[in-house]
Amino acid sequence: MTQSKTITKSGIDIIKIRADFPILSKKINGKPLIYFDNGATAQKPKLVIDAIDYYYKNQNANVHRGVHTLSQEITVAYENARATIQKHINALHAHEIVFTKGTTDSINLVASSFGKKFISEGDEVLVSAMEHHSNILPWQQVCEEKGAILKVIPINENGELIVSEYKRLLTNKTKIVAIAHISNTLGTINNIEELIALAHVKNIPVLVDGAQAIPHTPVNVQLLSADFYVFSGHKVFGPTGVGILYGKEKWLNELPPYQVGGGTIKTVTFEKTEYADLPLKFEAGTPHIEGGIGLAAAIDYINEIGLKNIAAYEHELLVHATQALEKIAGVKIIGKAKEKASVISFVVDGLHPFDLGTILDQLGIAVRTGHHCTQPLMNFYSIPGTIRASFAFYNTKEEIDVFIEGLQRAITMLR
Amino acid sequence: MNIEEIENEIIEEFEVFEDWMGKYEYLIDLGKSLPLIEEKYKTEDKLIKGCQSQVWMNSELQDGKVIYTADSDAIITKGMVALMVRVLSNHTPDEIINSKLDFVEKIGLTKHLSPTRSNGLVSMIKQMKLDAITYKEFKS
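Chains A and H supply the protein sequences, listed in that same order.
Per the working numbering: the first sequence = residues 1 to 415.
Per the working numbering: the second sequence = residues 1001 to 1140.
This is chain A alone, in the form it adopts within the complex:
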């Protein structure tokens, strides 16, 4: 990377931050890596890698089971990790934080358990047109099983939800609303607070897919009054294979267990099982212990930098990239919401995203190309896919300039 000013306007010490991420000094195809695929997964700071390394060298034992010292110590560490996440999203109770495998797993859990108890024939589940497949398919499946109907909140050409339509779709048949906080493809920041409030007027619970929001913006689940809020560890600079389901205590108590097995019980006989209290009721089997530990380390790390600083800096990157892209002939940005996170999807007239992505890769620039697991959204815009650049706080304006230059070069080659 070319030299940056050390401290940005937003108070981000970019040189220091970049040094925290070992992978950023890697070369790809002989070029310095420019990693703009943060929407798919984020890179890990050394601190997270060290926490996992430390766990296996010094702390490894099973949690919630043993009386021996190691087991007790790791149980405390694991529960501290839960508390870190509770505090980070301002949940009322630590037991409202359930460790899962990730966002997809969290949504499957809620869809399955909620569906089992609360969804029946003729009921409706409401999702939006900009959802990731992970927030469509679990609901689609439950609806098919139960004979319920999946309804879709439409969006406008800018990629914003049409709130008047949403209001119209909230009926006494609606059992739950499942909606993204930030769109992974368009970058649209939905006004979740308003959407939740509107659903609550009709006593309809709301699940928020926060996978794209947690790395970029402060989230306060009590303020939002979200019934369920789910996210992944790996998108917030933590390990893969771990994620979070936040649920209001009253809902989590109401839902039947999703998977059952070791760790989820109080007493078991062959006739009857009494399940454990929250959150263990939902955590069958030995959990992803180093995942929880690593995720808490990642959360501590971003809090040290400050999510407000992060959001402000990433907005600078978004504006810089948007202005530069708009100057290139034939580029069309997909998703022009007023409130937007640092995600830019675009297409180039007459060129296939795959070809552009392939050339950019040769230049060491990692972007995502394709449908981004949002095929219904691609159908809405009548495009096969987009090129998506998604930024994190370790990216720089200089990297964006190199990317723009690379894109222009790719366009020239392909035309």
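No wet-lab data here; the hints were simulated from the structure.
Note that beta-carbon positions come from the ideal geometry of N, C-alpha and C, so glycine has one too.
Hints may contain errors.
As the list claims (entries may be wrong) - Stretch-level coverage of chain H by chain A, calculated; a stretch enters the list once three of its residues show a Cβ under 8 Å from a Cβ in chain A:
| hint | region |
| --- | --- |
| 1 | 1015-1028 |
| 2 | 1069-1078 |
As the list claims (entries may be wrong) - In silico SDA-like links for lysine to any residue, alpha-carbon gap of 20 Å or less:
| hint | chain 1 | residue 1 | chain 2 | residue 2 |
| --- | --- | --- | --- | --- |
| 3 | A | K338 | A | Y166 |
| 4 | H | K1049 | A | P376 |
| 5 | H | K1046 | H | R1086 |
| 6 | A | K175 | A | L198 |
| 7 | H | K1111 | A | D361 |
| 8 | A | K31 | H | W1020 |
| 9 | A | K167 | A | S225 |
| 10 | H | K1023 | A | Q408 |
| 11 | A | K31 | H | D1019 |
| 12 | A | K101 | A | N80 |
| 13 | A | K27 | H | W1020 |
| 14 | A | K27 | H | K1111 |
| 15 | H | K1023 | A | R415 |
| 16 | H | K1049 | A | S382 |
| 17 | A | K27 | H | M1021 |
| 18 | H | K1049 | A | L351 |
| 19 | H | K1126 | H | T1043 |
| 20 | H | K1100 | H | V1122 |
| 21 | H | K1046 | H | T1134 |
| 22 | H | K1106 | A | N29 |
| 23 | A | K117 | A | N253 |
| 24 | H | K1032 | A | L351 |
| 25 | A | K117 | A | C143 |
| 26 | H | K1023 | A | G30 |
| 27 | H | K1111 | A | L33 |
| 28 | A | K327 | A | R415 |
Place chain H on chain A using the hints.
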């Protein structure tokens, strides 16, 4: 020319390129050449879906030799497709089934065959060979 000779010819062609730019420009030129498949074959049953780019492929047996035509919506994929057709088309099923297709590695484009690329190319080669097997069994 047999399959191996065509492969060697392609390897020689690619030797002149000093860096990736030249190779890709050549692939893009190949991709830009006329459509390789008749429009009537660009149908759902001829479509090999990749996650990102798609490939259409048709095969016919003529005088004991398999004739392939194919196309793609992405130009670099289409360039690779053109190379595959050039190598495999107009050979007997046995020759096609036994071909190793080492040339892809030798011209430094192996990553287009990695499953993560999801460009339909791996599936296309598989389909080309499956078609050859079908023709062979049909004949015997």
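Status of each hint after checking the structure:
1. Look at the region 1015-1028 of chain H against chain A: 5 of its residues bring a Cβ nearer than 8 Å to a Cβ of that chain, three or more, so the hint holds.
2. With a threshold of 8 Å between beta carbons, the proposed coverage of the region 1069-1078 of chain H by chain A holds, since 5 of its residues qualify and at least three are required.
3. Restraint check for K338 (chain A) and Y166 (chain A): satisfied, since their Cα atoms lie roughly 18 Å apart, inside the 20 Å limit.
4. Annotation: proposed proximity of K1049 (chain H) to P376 (chain A) holds, straight-line Cα distance about 17 Å (limit 20 Å).
5. The straight-line distance between the Cα atoms of K1046 (chain H) and R1086 (chain H) is roughly 19 Å, inside the 20 Å bound, and the hint therefore holds.
6. For the suggested pair K175 (chain A) and L198 (chain A), the alpha carbons sit about 14 Å apart, so the restraint of at most 20 Å is met.
7. Pair hint K1111 (chain H) plus D361 (chain A) holds up; C-alpha atoms about 11 Å apart against a cutoff of 20 Å.
8. Note on K31 (chain A) and W1020 (chain H): the hinted pairing holds, with a Cα-Cα distance of about 13 Å set against a maximum of 20 Å.
9. Between K167 (chain A) and S225 (chain A) the CA atoms are separated by roughly 18 Å; this keeps the pair inside 20 Å, and the hint holds.
10. About 18 Å separates the Cα atoms of K1023 (chain H) and Q408 (chain A), which keeps this hinted pair within 20 Å; it holds.
11. Distance restraint check for K31 (chain A) and D1019 (chain H): the Cα-Cα separation of roughly 13 Å lies within the 20 Å cut-off, and the hinted pair is therefore satisfied.
12. For the suggested pair K101 (chain A) and N80 (chain A), the alpha carbons sit about 18 Å apart, so the restraint of at most 20 Å is met.
13. Of the supplied pair hints, the one linking K27 (chain A) and W1020 (chain H) holds, its CA atoms being roughly 16 Å apart against a limit of 20 Å.
14. For a cut-off of 20 Å, the pair hint linking K27 (chain A) to K1111 (chain H) stands: about 17 Å separates their Cα positions.
15. Taking the CA atoms of K1023 (chain H) and R415 (chain A), the gap is near 16 Å; set against the 20 Å cutoff, the hint holds.
16. Taking the CA atoms of K1049 (chain H) and S382 (chain A), the gap is near 18 Å; set against the 20 Å cutoff, the hint holds.
17. Distance hint between K27 (chain A) and M1021 (chain H) is fulfilled; the C-alpha atoms sit about 18 Å from each other, no more than 20 Å.
18. Of the pairs offered as hints, the one joining K1049 (chain H) and L351 (chain A) holds, with about 18 Å between alpha carbons and a cut-off of 20 Å not exceeded.
19. A C-alpha spacing of about 19 Å is found between K1126 (chain H) and T1043 (chain H), which places the hinted pair at or below 20 Å, so the restraint holds.
20. A distance of roughly 13 Å separates the Cα atoms of K1100 (chain H) and V1122 (chain H); the hinted pair therefore holds under the 20 Å criterion.
21. With a C-alpha separation of about 16 Å, the suggested pairing of K1046 (chain H) with T1134 (chain H) holds against the 20 Å cut-off.
22. Using a Cα cut-off of 20 Å, the hinted pair K1106 (chain H) and N29 (chain A) holds, with the two alpha carbons roughly 17 Å apart.
23. Only pairs whose Cα atoms come within 20 Å are accepted, and K117 (chain A) paired with N253 (chain A) is accepted, the gap being roughly 12 Å.
24. For a cut-off of 20 Å, the pair hint linking K1032 (chain H) to L351 (chain A) stands: about 12 Å separates their Cα positions.
25. Using a Cα cut-off of 20 Å, the hinted pair K117 (chain A) and C143 (chain A) holds, with the two alpha carbons roughly 13 Å apart.
26. With a CA separation close to 16 Å, the supplied pair K1023 (chain H) and G30 (chain A) stays within the 20 Å bound.
27. Restraint check: the Cα-Cα separation between K1111 (chain H) and L33 (chain A) comes to about 18 Å, which is no more than 20 Å; the hinted pair holds.
28. At roughly 17 Å between alpha-carbon atoms, K327 (chain A) and R415 (chain A) fall within 20 Å of each other, so this suggested pair holds.
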